[in-house]
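Chains as they are written, first to last, in this note's numbering: chain Z, 1 to 531; chain B, 532 to 756.
FYI, nobody ran anything at the bench for these hints, they're computed from the structure.
Where is the CB? At the ideal position from N, CA and C, for every residue including glycine.
Hints may be right or wrong, so weigh each one.
[Unchecked claim] Derived lysine to aspartate or glutamate pairs resembling DMTMM-like cross-links, with alpha carbons at most 25 Å apart:
hint, chain 1, residue 1, chain 2, residue 2
1, B, Lys-670, B, Asp-724
2, Z, Lys-449, B, Glu-669
3, B, Lys-670, Z, Asp-184
4, Z, Lys-449, B, Glu-640
5, Z, Lys-449, B, Asp-582
6, B, Lys-709, B, Asp-557
7, B, Lys-670, Z, Asp-320
8, Z, Lys-449, B, Asp-557
9, B, Lys-670, B, Asp-651
[Unchecked claim] Covered by chain Z, per the in silico footprint, the following chain B stretches (three or more residues, Cβ under 8 Å):
hint, region
10, 631 to 637
11, 669 to 682
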Amino acid sequence: MPLHSQADARFSSGRLLAFIGLVSFFLFVFGPLIFLIPPVVREIAGSGPDTLLLMLPTGRRLSLLLSSLLYAAGVSVCGTVIGVLCASFFFSRDRRWTRILPILILAVLPIPPTIHALAWMAAWADVSGWLTSHGFFFPPLRGWFGAVWVQTMSLLPFSFGICLIALRNLDPALIEAARMMGDDLKTLLKVALPLIFPALISAAVFLFVMTLSDYAVPSLFSVSVYPLEVFSDFSAENSPARAFLLSVPLLVITAAVVLSAQSTMRDVAAETPKGALGRSLRLELGPCTNGLTVLCLVLAVLCFVVPTFALWLDVGSVSDLAAAVGSAKSAIYTTLFCALFSTLIALVPSFWWADGMRGIGRRGRILWVMALVVPAIPGSLFGIGLVYMGNMPVFAPLNDTLVFPILVSVARFSPWAAILLFCFGQRIDPILFDAAAVHETGPVVGFLKVRLPLMLPGILAAGILVGVLAAGELSGTLLVLPPGVDTMIPRIFTYLHYGATPQTAALSLVMSWGFLVLFSVVLWLLSKNKA
Amino acid sequence: MISVSNITKRFGAVTVLDNVSFAVGDCGSCVISGASGSGKTTLLRLIAGLDLPDEGEISLGGLPVSTPGGAVAPHLRHIGFVFQSPALWPHMTVAEHVSFGLTGLNKRETGRRVRRVLADADLTHLAGRYPSRLSGGEKRRVALARAVAARPRHLLMDEPLANLDPELKERLLRFILKTHRQTGACLVYVTHDEAEAQAVAQQHLVLRAGRVVHAVPPVEPNHES
Numbered sequence: 001m002p003l004h005s006q007a008d009a010r011f012s013s014g015r016l017l018a019f020i021g022l023v024s025f026f027l028f029v030f031g032p033l034i035f036l037i038p039p040v041v042r043e044i045a046g047s048g049p050d051t052l053l054l055m056l057p058t059g060r061r062l063s064l065l066l067s068s069l070l071y072a073a074g075v076s077v078c079g080t081v082i083g084v085l086c087a088s089f090f091f092s093r094d095r096r097w098t099r100i101l102p103i104l105i106l107a108v109l110p111i112p113p114t115i116h117a118l119a120w121m122a123a124w125a126d127v128s129g130w131l132t133s134h135g136f137f138f139p140p141l142r143g144w145f146g147a148v149w150v151q152t153m154s155l156l157p158f159s160f161g162i163c164l165i166a167l168r169n170l171d172p173a174l175i176e177a178a179r180m181m182g183d184d185l186k187t188l189l190k191v192a193l194p195l196i197f198p199a200l201i202s203a204a205v206f207l208f209v210m211t212l213s214d215y216a217v218p219s220l221f222s223v224s225v226y227p228l229e230v231f232s233d234f235s236a237e238n239s240p241a242r243a244f245l246l247s248v249p250l251l252v253i254t255a256a257v258v259l260s261a262q263s264t265m266r267d268v269a270a271e272t273p274k275g276a277l278g279r280s281l282r283l284e285l286g287p288c289t290n291g292l293t294v295l296c297l298v299l300a301v302l303c304f305v306v307p308t309f310a311l312w313l314d315v316g317s318v319s320d321l322a323a324a325v326g327s328a329k330s331a332i333y334t335t336l337f338c339a340l341f342s343t344l345i346a347l348v349p350s351f352w353w354a355d356g357m358r359g360i361g362r363r364g365r366i367l368w369v370m371a372l373v374v375p376a377i378p379g380s381l382f383g384i385g386l387v388y389m390g391n392m393p394v395f396a397p398l399n400d401t402l403v404f405p406i407l408v409s410v411a412r413f414s415p416w417a418a419i420l421l422f423c424f425g426q427r428i429d430p431i432l433f434d435a436a437a438v439h440e441t442g443p444v445v446g447f448l449k450v451r452l453p454l455m456l457p458g459i460l461a462a463g464i465l466v467g468v469l470a471a472g473e474l475s476g477t478l479l480v481l482p483p484g485v486d487t488m489i490p491r492i493f494t495y496l497h498y499g500a501t502p503q504t505a506a507l508s509l510v511m512s513w514g515f516l517v518l519f520s521v522v523l524w525l526l527s528k529n530k531a
Numbered sequence: 532m533i534s535v536s537n538i539t540k541r542f543g544a545v546t547v548l549d550n551v552s553f554a555v556g557d558c559g560s561c562v563i564s565g566a567s568g569s570g571k572t573t574l575l576r577l578i579a580g581l582d583l584p585d586e587g588e589i590s591l592g593g594l595p596v597s598t599p600g601g602a603v604a605p606h607l608r609h610i611g612f613v614f615q616s617p618a619l620w621p622h623m624t625v626a627e628h629v630s631f632g633l634t635g636l637n638k639r640e641t642g643r644r645v646r647r648v649l650a651d652a653d654l655t656h657l658a659g660r661y662p663s664r665l666s667g668g669e670k671r672r673v674a675l676a677r678a679v680a681a682r683p684r685h686l687l688m689d690e691p692l693a694n695l696d697p698e699l700k701e702r703l704l705r706f707i708l709k710t711h712r713q714t715g716a717c718l719v720y721v722t723h724d725e726a727e728a729q730a731v732a733q734q735h736l737v738l739r740a741g742r743v744v745h746a747v748p749p750v751e752p753n754h755e756s
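Could you build all of it, start to finish, from the sequences and the hints given here?
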């Protein structure tokens, strides 16, 4: 047992694996963006410093950026307020159905905004038609109102889930102490909500950056936002450098927002849910607050019902559904293929990245911030990076394959898997890993017998999460799909520009139910962890 | 033999252990006590190799195993560790916990060793059970059995009997002392309990704010108390 041969022997083989995992993660996730650096440098060198002015939005682009910021802030505020009020409803009631309903609301979390948009357009048109025919006024779902409404509904499960877990994680002793000294409404407003303030901030930041980097919903409602400008500019000019420079204002804003809240978000992610979704208390909130929370509950239930059931009204019959699915068979297979391979490629590097994020000190924080920043980067930028990569002679043969659509999903969603695995790992008592480190007969045995089984539900959940997100990817995939090949969401998105048809409704319905079932499995797997 | 020489450990700006030194001879035992936050658990984790010292050196059996520059992996130190909580893996049965650290034995020998340890710890009837179906006292016994099963040369125990009822505490203490005698392992035992300390200690260290403030040299333990 000489020390010289054992220097850094601790986890030496594990360290090598971890190093390979971290490097792979970095290359997969940041590789497409790194490919944008040479053309940017060349563009600046060739066209002079004037090119740098693209980074400073003026005139029309400035107004687009401001509109985008207002749009994102609106969705963030609406989504967080509705989410916390809805979570307060469940926190203040303890019945059997209040334990099941939150899971249904959370299960629609991975349904892409595009499908929400189609479902809401269809449902709104039906309700509006009926009300108008009976002499009532009903505002049309279009323009900024439509975009904010749909985006809020599609992101509501995120803010709701974060707030509910935070509320149900509160130390009951703190709540009971407050109830001894004031009524239940005061307890909620003065004690419970201030205690979950970090969760509220996290939810708001999350909704803000997700909205700011997305263009799918605004484009369906014919309103222009900054990310759409980047996409349109690339489609017109085919210049990755211009696209990157145009994206800089967005990147700076989202990075600043994420960085300012990263510490709070890490603490929230590290919280340990008690049971599947914690436990509730019976609180009497008074008629006004009760009314508000019930209204928000109705909205949350609608965000589950509309994309899963309302589309059925437009599908018509089972035979129509079968016909639509039959005609889209190749798109369905391609989607499943891409989702499967994205999952397989993303999982191992994400595992090691999550492991690194759990580390204490600066390294853990840096890895956490890097994972957190990626969801805030416009998806089209990853696609543009890969398009540039595909233009290089050495990578050109890949253009006719599904490698780039898969890589887009790996780049965009590996950080999601890493964040989920980080949260899951935080729920496992670290002393279990310490006990393995002391008593194992070797690092591989310890990994296979203790670490892997303890993390298995989290790994499966992360895998399914990447799969469903990859199946719903749009902004990057649109740019890198080989000619003549289709996946489901781009196909639905393209159809939607010509108006909702029974066929798009049928395809969206199939996607919704697929996502719903798969994500229910994720929630079930996450609730299995009792370590 | 466990030898700790001038160990210092810091977490950020906080010095948790400050120039701590002591040695425990073969078959010897040392009780470490001190207030919460005095550095007892950190000291055990350093000896086990779960953390690395910032300064100083730790040797086991005369060989250096931890220095600021390098460390021997925890599983190569021949240590049995009983943590403050039982730290049982929820997906393993009692028997699987006990056999987990056994190496170099064939299947029959492994089975024999597991049965022996389970019998010593009065766990035979629980061999197939998972931790979720064990009582608090049973979990502690499994943790003890797991720590001693591989016949380690060094035993580290971090308040192994905390929060147990007096009767169970006495039974488990007898089990620990018997195991210590049988294995001849070098024992470092952290406790707040005076009676436990007297029963186990050949020598006694008291830590305060990361420093040794009181050290009683080795004496024969009072196994009858």
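Q: Please work out if Lys-670/B and Asp-184/Z have their alpha carbons no farther apart than 25 Å.
A: Since the Cα atoms of Lys-670/B and Asp-184/Z sit roughly 40 Å apart, the hinted pair is violated (cutoff 25 Å).
Q. Does Lys-449/Z pair with Glu-669/B here, judged by a C-alpha cut-off of 25 Å?
A. holds (22 Å)
Q) Can the restraint linking Lys-449/Z and Glu-640/B be considered satisfied, given a maximum Cα separation of 25 Å? A) Holds. Lys-449/Z to Glu-640/B sits at ~21 Å (cutoff 25 Å).
Q. Taken at face value, is the distance from the CA of Asp-557/B to the CA of Lys-449/Z at most 25 Å?
A. violated (32 Å)
Q: Below or equal to 25 Å on CA atoms is what counts here, so check Lys-670/B against Asp-724/B.
A: holds (20 Å)
**Q.** Proximity test - 8 Å, beta-carbon atoms, the region 631 to 637 of chain B to chain Z, at least three hits
**A.** It holds, with 4 qualifying residues against the three required.
(Q) Hinted pair, alpha-carbon criterion (25 Å max): Lys-670/B, Asp-651/B. Please report holds or violated. (A) OK: Lys-670/B and Asp-651/B at ~15 Å, within 25 Å.
Q: Decide if the proposed pair is consistent with the structure: Lys-709/B and Asp-557/B, CA atoms, cutoff 25 Å inclusive.
A: Since the Cα atoms of Lys-709/B and Asp-557/B sit roughly 16 Å apart, the hinted pair holds (cutoff 25 Å).
Q. Would the pair Lys-670/B and Asp-320/Z pass a check requiring their Cα atoms to be no farther apart than 25 Å?
A. Since the Cα atoms of Lys-670/B and Asp-320/Z sit roughly 59 Å apart, the hinted pair is violated (cutoff 25 Å).
Q.
Lys-449/Z and Asp-582/B were given as a pair; does the straight-line alpha-carbon distance stay at or below 25 Å?
A. OK: Lys-449/Z and Asp-582/B at ~22 Å, within 25 Å.
Q: Report holds or violated for chain Z covering the region 669 to 682 of chain B, Cβ cut-off 8 Å, minimum 3 residues.
A: holds (count 3)
In the structure shown, a violation is registered for the earlier hints numbered 3, 7 and 8, in ascending order.
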